[in-house]
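Okay, here's what each chain looks like letter by letter:
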Amino acid sequence: MSAKTPSKLEKIMAAGHLGVTSECGPPRGSDPDTIREKAELLRGYVDAVNVTDNQTSVVRTSSLATCIHLKLMGIEPVLQMVTRDRNRIALQSDILGAASFDIFNLLCLSGDHQSFGDNPQGQNVHDLDSMQLVWTARKMRDEGKFLGGADIKRPPQMFVGAAANPFADPFEIRVPRLAKKIEAGAEFIQTQCIYNLDKFELWVKQAQDRGLTEKTYIMAGVTPFKSAGMAKYMKNRVPGMDVPDDVVKRMSDTPKEKQAEEGVNICIETIQRLKELDGVKGFHIMAIEWEEMVPDIVKRAGLYPRPEID
Amino acid sequence: MIVADKKPVEEIIEYVKDHSKILVLGCNECVTVCEAGGKKEVGILASTLRMYFANQGRDAAVDERTLERQCDHEYLEEIRDIADQYDAIVSIACGVGIQFTAEKYLSIPVYPGVNTCFLGVTEQRGLWTERCQACGNCILAYTGGICPVSRCAKRILNGPCGGSSKGTCEISKDLDCAWQLIIDRLKAIDRLDLYEKMFPIKDWSTDRAGGPRKVVREDVQI
Ligand code: SF4
Ligand code: SF4
Chain A
1 MSAKTPSKLE
11 KIMAAGHLGV
21 TSECGPPRGS
31 DPDTIREKAE
41 LLRGYVDAVN
51 VTDNQTSVVR
61 TSSLATCIHL
71 KLMGIEPVLQ
81 MVTRDRNRIA
91 LQSDILGAAS
101 FDIFNLLCLS
111 GDHQSFGDNP
121 QGQNVHDLDS
131 MQLVWTARKM
141 RDEGKFLGGA
151 DIKRPPQMFV
161 GAAANPFADP
171 FEIRVPRLAK
181 KIEAGAEFIQ
191 TQCIYNLDKF
201 ELWVKQAQDR
211 GLTEKTYIMA
221 GVTPFKSAGM
231 AKYMKNRVPG
241 MDVPDDVVKR
251 MSDTPKEKQA
261 EEGVNICIET
271 IQRLKELDGV
281 KGFHIMAIEW
291 EEMVPDIVKR
301 AGLYPRPEID
Chain B
1001 MIVADKKPVE
1011 EIIEYVKDHS
1021 KILVLGCNEC
1031 VTVCEAGGKK
1041 EVGILASTLR
1051 MYFANQGRDA
1061 AVDERTLERQ
1071 CDHEYLEEIR
1081 DIADQYDAIV
1091 SIACGVGIQF
1101 TAEKYLSIPV
1111 YPGVNTCFLG
1121 VTEQRGLWTE
1131 RCQACGNCIL
1141 AYTGGICPVS
1151 RCAKRILNGP
1161 CGGSSKGTCE
1171 ISKDLDCAWQ
1181 LIIDRLKAID
1191 RLDLYEKMFP
1201 IKDWSTDRAG
1211 GPRKVVREDV
1221 QI
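So the sequences go chain by chain: A and B.
Each residue of the first sequence is one higher than the last, beginning at 1 in this note's numbering.
Each residue of the second sequence is one higher than the last, beginning at 1001 in this note's numbering.
Any given hint might turn out to be false.
As the list claims (entries may be wrong) - Dumping the calculated BS3-like pairs for lysine-lysine here, alpha-carbon to alpha-carbon at most 30 Å: (1) K299/A / K275/A; (2) K1166/B / K226/A; (3) K1202/B / K235/A; (4) K1214/B / K1166/B; (5) K1202/B / K153/A; (6) K232/A / K1166/B; (7) K226/A / K1173/B; (8) K235/A / K1173/B.
Rather than coming from a laboratory, the hints here were simulated on the basis of the structure.
Only a predicted model underlies this, so the values are computations on that prediction, with no experimental measurement involved.
Please put together the full structure from these sequences, using the hints given.
Put into structure tokens, the structure is as follows:
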């Protein structure tokens, strides 16, 4: 696959390197320094930084504004957009807004249901779904057209991605659904956090058998556990998360003061094992409120230094 | 059918407490089936209101009536002769019936005695669940006869999302994931091929998004 946009992330993966992304959750307030401090921790260790869009339906500084802060710092952002809060007018408009700041990466999601967040009484929009948003972004870029059919002056130049959760049910349609997302135009896929490696490998293999790994860059999602409590919480409380018993046990068998270290070890072992998979083209390291761990993980997983690409 | 649920009686009392001649008006259709607004419920609500007024030492009359339907001129006209006697009507038909009653009896306050909830089915006695949001452009042919618009919490047309787990929706373990049902059903009718194509962006202008809707059928107009 050759790069079609100015996205650094795309160019790196197109050149055959493993891509590395991480994420930065915007603050529950308007202090730009918190954004800058978090992003600064990641500088040089990842190719691009995802900025979450009101994740878990909790109100935060907007993803777009945060992406602009990153862009101005010289850090490449991945704009996450959920279809929960905006209709097709607002989505297209924000894509243009991002394009006007030369934001080159977009990740399309449906978003967690608002009942998880701090405004459970709110409406949701879901005018488009995530797949249709991917399709929309590609139409805007490739055809230079709005959904309404009119021409766009200076169309967006975005590397368009989507998420995939190999662990959600029903498993048998997870690969067909991936195929549909790719058909809709998803050029990269960031997956749900992987703890069940066997299941993930099976999913990648099925994707490979359908030729999908040649059509999109699959970036494996990883999240280090900070504690055994977090492992249990993810296992039992987060919908669509698959944390096998032996992983939880490994965390709980570790003395409390060593659990964070063990969580990081598991994360690094995961990356090392998945690096060997042909179908995996990169890693998405989601160190939730633990950005300072990312450089260490990247280094110890053998993903440092990051390739230079112009 | 249209499914409604009873309003808390305190709320209804708050509406009618200053009135003295009240008609509780039920409907024989959907709300009778979902046991929220039929003849039986009219009786219960009227007695409760009478008891309230008696306890307050207030001299108020509460009468009962249940119409065949409140969404048809014909049946609503049946109270034309008596309507003027009342200074309030509490309608426990669905929101449609309540409004039509209010439109027809312009000078009498009409209060809702139920919360109208959704278009649904009786799964079992005492359990009603949603099936349709009247989007005006039915897509059931492509989704195995299961509606993602009304039954997927995010009305995803290309589901299931990443939160679908063991057949249930991410928002509640008590809720089926619509997309699990769709996949099961497509499998059962051997039409999983329908799943392979991306469902295109939906035209929501026939939904509430397009403004209040009308169906005009000149062929049946008199
Ligand atoms: S697709 Fe629309 S009309 Fe058909 S059942 Fe669903 S909401 Fe109702
Ligand atoms: S879990 Fe299923 S029903 Fe719930 S939002 Fe996701 S796709 Fe829709």
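K232/A paired with K1166/B [C-alpha distance capped at 30 Å]: 18 Å, holds
Pair hint K235/A and K1173/B, alpha-carbon separation not exceeding 30 Å: Holds: K235/A and K1173/B sit about 15 Å apart, inside 30 Å.
Given hint K226/A paired with K1166/B - CA-CA distance at most 30 Å: It holds: about 27 Å lies between the C-alpha atoms, which stays within 30 Å.
30 Å Cα cutoff - pair K1202/B, K153/A: Given pair K1202/B, K153/A holds - Cα atoms ~26 Å apart, limit 30 Å.
Pair hint K226/A and K1173/B, alpha-carbon separation not exceeding 30 Å: OK: K226/A and K1173/B at ~27 Å, within 30 Å.
Restraint status (C-alpha distance of K1214/B to K1166/B at most 30 Å): 40 Å, violated
Straight-line alpha-carbon gap K299/A to K275/A, limit 30 Å: Satisfied, since the Cα-Cα distance of roughly 14 Å is no more than 30 Å.
K1202/B paired with K235/A [C-alpha distance capped at 30 Å]: Given pair K1202/B, K235/A is violated - Cα atoms ~35 Å apart, limit 30 Å.
Hint check: violations occur at hints 3, 4; the rest are consistent with the structure.
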